[in-house]
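2 protein chains.
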Amino acid sequence: MIKDRLDSLRRVMKEKKIDYYLVPTEDPHGSEYVGEYYKCREYLTGFTGSAGTALIWQEGAGLWTDARYHIQADRQLCGSGVTLFKEGEEKVPSLYQFLEKNLQEGQCLAADGSLISAEAAQRLQEIAAAKGALLKSCDDLTKEIWTDRPDRSAEAITLLSPESSGKSTGEKLTVIRRRMEEKGADLLLLSSLDEIGWLFNIRGKDIPMSLLALAYGVVERESAVLYLQKRIWNEQLLAWAAKNQIEVDDYDMIYLDLSRRAQGKRVWADRERVNWKLFTLLQKAEGVIDEISPVEMEKAIKNETEQKNFRRAHEKDAAAVIRFLFWLKTHVGKEDITEIRAAQKLEEFRREWDSYLLPSFEPIVAYGEHAAIVHYSADTSSDCLLRPEGFLLMDTGGQYREGTTDITRTVALGPLTRRQKEGYTRVLMGNLRLAGLTFPYGCSGENLDLAARSALWEEGLDFFHGTGHGVGYLMNVHEGPQAIRWRHRKGSFVTALEPGMVISDEPGLYLEGEYGIRLENLLLCREKEKTSFGRFLAWEVLTLVPFDREAILPEIMEKRDVRLLNDYHSTVRRKMLPLMKTKAEKDWLLEATEPL
Amino acid sequence: MIKDRLDSLRRVMKEKKIDYYLVPTEDPHGSEYVGEYYKCREYLTGFTGSAGTALIWQEGAGLWTDARYHIQADRQLCGSGVTLFKEGEEKVPSLYQFLEKNLQEGQCLAADGSLISAEAAQRLQEIAAAKGALLKSCDDLTKEIWTDRPDRSAEAITLLSPESSGKSTGEKLTVIRRRMEEKGADLLLLSSLDEIGWLFNIRGKDIPMSLLALAYGVVERESAVLYLQKRIWNEQLLAWAAKNQIEVDDYDMIYLDLSRRAQGKRVWADRERVNWKLFTLLQKAEGVIDEISPVEMEKAIKNETEQKNFRRAHEKDAAAVIRFLFWLKTHVGKEDITEIRAAQKLEEFRREWDSYLLPSFEPIVAYGEHAAIVHYSADTSSDCLLRPEGFLLMDTGGQYREGTTDITRTVALGPLTRRQKEGYTRVLMGNLRLAGLTFPYGCSGENLDLAARSALWEEGLDFFHGTGHGVGYLMNVHEGPQAIRWRHRKGSFVTALEPGMVISDEPGLYLEGEYGIRLENLLLCREKEKTSFGRFLAWEVLTLVPFDREAILPEIMEKRDVRLLNDYHSTVRRKMLPLMKTKAEKDWLLEATEPL
Chain H
19 MIKDRLDSLR RVMKEKKIDY YLVPTEDPHG SEYVGEYYKC REYLTGFTGS
69 AGTALIWQEG AGLWTDARYH IQADRQLCGS GVTLFKEGEE KVPSLYQFLE
119 KNLQEGQCLA ADGSLISAEA AQRLQEIAAA KGALLKSCDD LTKEIWTDRP
169 DRSAEAITLL SPESSGKSTG EKLTVIRRRM EEKGADLLLL SSLDEIGWLF
219 NIRGKDIPMS LLALAYGVVE RESAVLYLQK RIWNEQLLAW AAKNQIEVDD
269 YDMIYLDLSR RAQGKRVWAD RERVNWKLFT LLQKAEGVID EISPVEMEKA
319 IKNETEQKNF RRAHEKDAAA VIRFLFWLKT HVGKEDITEI RAAQKLEEFR
369 REWDSYLLPS FEPIVAYGEH AAIVHYSADT SSDCLLRPEG FLLMDTGGQY
419 REGTTDITRT VALGPLTRRQ KEGYTRVLMG NLRLAGLTFP YGCSGENLDL
469 AARSALWEEG LDFFHGTGHG VGYLMNVHEG PQAIRWRHRK GSFVTALEPG
519 MVISDEPGLY LEGEYGIRLE NLLLCREKEK TSFGRFLAWE VLTLVPFDRE
569 AILPEIMEKR DVRLLNDYHS TVRRKMLPLM KTKAEKDWLL EATEPL
Chain P
19 MIKDRLDSLR RVMKEKKIDY YLVPTEDPHG SEYVGEYYKC REYLTGFTGS
69 AGTALIWQEG AGLWTDARYH IQADRQLCGS GVTLFKEGEE KVPSLYQFLE
119 KNLQEGQCLA ADGSLISAEA AQRLQEIAAA KGALLKSCDD LTKEIWTDRP
169 DRSAEAITLL SPESSGKSTG EKLTVIRRRM EEKGADLLLL SSLDEIGWLF
219 NIRGKDIPMS LLALAYGVVE RESAVLYLQK RIWNEQLLAW AAKNQIEVDD
269 YDMIYLDLSR RAQGKRVWAD RERVNWKLFT LLQKAEGVID EISPVEMEKA
319 IKNETEQKNF RRAHEKDAAA VIRFLFWLKT HVGKEDITEI RAAQKLEEFR
369 REWDSYLLPS FEPIVAYGEH AAIVHYSADT SSDCLLRPEG FLLMDTGGQY
419 REGTTDITRT VALGPLTRRQ KEGYTRVLMG NLRLAGLTFP YGCSGENLDL
469 AARSALWEEG LDFFHGTGHG VGYLMNVHEG PQAIRWRHRK GSFVTALEPG
519 MVISDEPGLY LEGEYGIRLE NLLLCREKEK TSFGRFLAWE VLTLVPFDRE
569 AILPEIMEKR DVRLLNDYHS TVRRKMLPLM KTKAEKDWLL EATEPL
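Residue numbers (the numbering used here), protein chains in the order written: chain H, 19 to 614; chain P, 19 to 614.
Honestly, the hints are just simulated from the structure, not real lab data. Note that this is a predicted model, so its numbers are computed, not measured. Any given hint might turn out to be false.
Put simply, identical chains are the same to the list, so a pair is met inside one copy or across any two.
To be verified - Mimicking BS3-like on lysine-lysine, the simulated pairs with C-alpha atoms at most 30 Å apart in a straight line are:
hint, residue 1, residue 2
1, 326, 223
2, 508, 161
3, 508, 154
4, 508, 201
Given only the sequences and the hints, what does the whole structure look like? Please build it.
Given below as structure tokens:
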């Protein structure tokens with residue numbers, strides 16, 4: 019099947035004189051998750067992972083993906099004729115290195131220009147130029163062979179109420195225009211769906227779990243345009259737009275419109291986020307300010323309303339998770355519970371809340387050695403029965419009308435070895451220490467990651483993912499620009515943490531073939547105090563679910579770690595006890611939050 | 019007197035049609051401390067601090083200096099007609115802002131081009147250009163009015179033996195040429211005196227406490243030139259040079275020579291370190307690689323011989339400091355000891371070692387509130403009597419034939435308040451925690467500073483200097499590129515810590531008008547272990563002097579802090595007891611290193 023598809027594609031490539039065709043996992047907005055319509059890479063290769071790039075040529079095809087997906091891709095590509103290139107492994111060429119080696123003079127490398135960023139295109143262009151080859155932006159070739167392709171999603175949108183957004187689009191535009199003025203920008207080009215969702219206070223379902231709608235946006239000093247698919251326009255939207263002096267235009271019109279709009283203007287457009295096709299329409303602009311968008315920065319700083327709602331969403335979510343944990347702990351080993359069943363059960367507890375909408379990402383419920391695969395997702399072939407021993411790791415989250423949650427708990431389903439407990443305790447120490455920090459204004463996540471990792475490093479242990487990602491409000495669960503990670507990316511922008519930012523705190527420990535541990539809370543950055551030594555910030559922990567006392571080895575903790583844990587458990591008890599439904603749940607929570 | 023000097027200078031400026039004359043605190047090598055000959059800024063303004071820039075114009079004169087020197091500059095500039103601009107204070111314009119505001123179209127701003135870096139010149143040029151003014155490189159105008167100016171220093175140099183350097187110049191050149199090849203550089207221009215001292219294994223006394231000689235260096239693929247003042251050439255030097263295929267030329271010849279040498283070559287020259295006059299001689303080069311010099315990086319990584327010698331130097335230095343501390347603790351309040359007398363006494367203990375050469379920097383011995391001035395230096399007007407109460411801070415170091423030391427101890431001279439003890443203990447916790455870290459290869463000082471500061475931040479306390487600077491081997495006590503500091507400087511290069519680097523660990527706490535605390539050890543970066551999670555590094559503490567148990571509040575320390583302190587004291591006891599000279603000293607050291 020895959021072979022047939024690739025052969026059909028190769029015929030189209032031949033007609034169009036394309037030697038190499040590149041198929042990334044992207045939509046025109048650089049979204050982390052893409053709608054069904056944009057799953058061309060999956061259609062062409064059969065690999066279903068959320069990250070990877072395919073390259074097709076007459077004699078072969080390749081797929082590049084990172085360590086999270088090596089096992090899955092190995093299995094899914096078997097017999098497809100697609101060669102797997104395991105990114106990050108020694109002696110495996112990167113896509114760029116492969117092209118540098120194989121592109122010949124006079125050949126043509128092509129990609130749908132709307133599916134790669136201007137930044138990536140520039141890199142490919144340099145490689146092609148060095149070999150005397152050509153990089154071409156073409157239409158989406160998959161269109162011609164994918165006969166039963168789903169339609170592009172065009173779900174209804176919702177306009178957020180002031181109680182939900184906290185700030186009107188008008189107020190937000192005022193701030194953004196001030197930032198534009200400071201930079202001398204006449205026009206701001208927005209193509210990231212979360213930025214558009216935030217600025218225009220709209221939510222959608224085109225990227226389902228992220229609550230985002232397909233859209234583009236343009237902000238000028240005196241006008242603003244929201245490009246949305248015409249078939250989802252409605253009276254309420256048009257009335258809102260008229261009232262707020264916002265033009266609404268058809269989604270695809272931006273490609274006809276932008277060049278004229280940009281002419282003679284100083285345009286703010288981030289090459290890493292704007293797609294290549296769109297970026298090339300800026301040629302008549304007077305200049306391009308290639309910096310992180312002011313919307314991304316403003317969006318990351320939650321306003322008072324958003325903070326208040328966030329807290330409420332987390333209380334509701336914590337109630338569901340605590341009740342689920344009680345159920346799990348009291349039922350495991352007594353009835354047949356598999357990973358998938360556990361995930362369903364947790365989802366049921368969440369659905370008891372009226373304001374619960376849907377999961378905020380694909381849940382990870384991983385037992386035993388499955389949990390050592392960082393992005394494990396149980397399917398019918400891998401789903402396994404939970405036994406009353408060892409660890410179960412659950413990384414899940416919900417979208418509530420009040421906001422977005424993301425929580426990981428790893429719990430003991432029965433007896434643990436001392437080594438397992440030590441691992442759990444060191445991860446817990448990292449989680450508590452990061453959340454327990456006080457730090458001066460100006461610090462970035464690169465300065466703070468040490469707190470989450472030093473208890474592991476001390477023993478030669480570590481984990482190979484970031485410690486913290488930003489979390490969107492009632493939208494995508496991963497947002498920038500803030501992050502907690504120690505490694506500085508060359509040329510990357512260092513983001514100082516600002517009061518109002520929400521970030522995850524999720525250290526872990528993964529032993530291949532044995533088990534995985536991750537403990538994740540969401541943190542809200544807040545002002546702590548101003549002293550003669552400056553302005554100090556600290557974290558408020560939004561997530562309110564106990565850690566597992568059965569997995570803790572108190573003797574390796576410091577006094578302060580114990581105090582931080584007890585303080586956290588005391589807060590959880592106080593806030594969550596009223597939300598338990600049965601006496602048994604209450605009793606369990608009381609026991610789970612006893613001081614160490 | 020100052021007024022007369024400035025008026026004479028203004029006459030020269032008028033003749034030369036110079037409207038603003040800039041006088042930095044620099045020599046042509048960007049040295050941190052400069053020889054007497056280069057103290058033009060001091061001659062013209064009367065301000066003796068080690069950092070600051072003067073600007074002179076017909077109607078006035080200004081001096082810009084940082085917070086370390088505000089009090090001193092205030093006093094020294096009083097009545098001189100020179101306006102003090104306190105850098106870092108609100109509403110005080112920086113030098114650049116001042117020029118942006120005051121430079122007029124057609125005016126001429128000038129400076130001795132050999133005394134500002136190419137980087138600084140570019141910035142000034144941009145400011146001048148924006149105002150339609152001109153930046154001009156001129157001769158040193160001070161020459162024409164400073165009649166009793168000392169000669170430029172031309173002290174004899176020493177060639178390091180292999181037992182001292184660990185690596186011959188030939189071996190070092192091989193490594194440097196490999197780096198040049200990797201970057202595609204044909205010629206490497208060296209103007210930092212420590213880089214030249216390291217590469218050619220020479221030491222001098224032109225910058226006395228840093229053991230550096232005035233010199234330039236040029237390395238090409240097949241040749242190397244060392245530019246040294248002709249009057250210090252000797253037979254031994256010329257024989258060594260001939261044997262190592264190094265050309266020796268006269269110091270000033272580089273200005274006549276470089277343009278021809280650079281012609282058509284790809285030249286490696288760091289704009290931040292090479293002076294403007296020299297940099298302009300690269301105009302006929304085929305290209306300039308403006309990156310941190312490979313010598314700076316290689317120099318920072320101490321070889322086995324250097325490490326061994328460093329350890330020995332620190333043992334000798336620790337013996338002197340411990341014996342001094344015993345003397346101080348047993349004599350204070352019983353005889354008249356002032357800050358200066360204490361410094362002399364410590365120097366006497368150091369001088370008992372044959373291999374001791376001289377202090378590695380101007381010692382800071384500061385009692386009580388004096389210690390709150392970070393770069394306090396006692397003079398006859400400020401020198402005060404030590405009383406048997408409160409804190410004495412001593413930041414001193416020595417140059418030994420085996421290497422360079424730098425140590426700060428703050429000790430209780432008698433009773434302390436609880437608040438003083440708490441401050442001392444939090445600074446101590448920072449010192450111990452940084453030194454006690456294990457961290458993966460790839461970490462930079464920006465990742466680690468948290469360990470030194472979090473115990474202070476927790477209480478809204480902080481200190482406003484870096485936590486750690488690199489330390490040169492048998493040369494300047496401050497070296498780059500490694501550093502421990504949390505604040506990322508925009509556009510600055512992030513240096514991963516490498517095994518073999520030596521760095522200081524010196525957290526502090528300063529309460530204006532009350533007291534100051536700083537505790538400094540030097541740390542050597544070493545391989546710790548390789549596990550399945552990667553390669554981990556840790557520190558060896560080179561400095562071997564007990565902390566003051568009388569100043570510690572054990573109840574605010576964590577278990578691990580106590581363990582780190584006891585482990586350190588046990589090492590100090592084991593290594594230093596044999597170097598004590600009297601039974602009383604031995605007994606005191608035993609007591610001082612008792613476990614908490």
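Problem set entry | Broken hints, by number | 2
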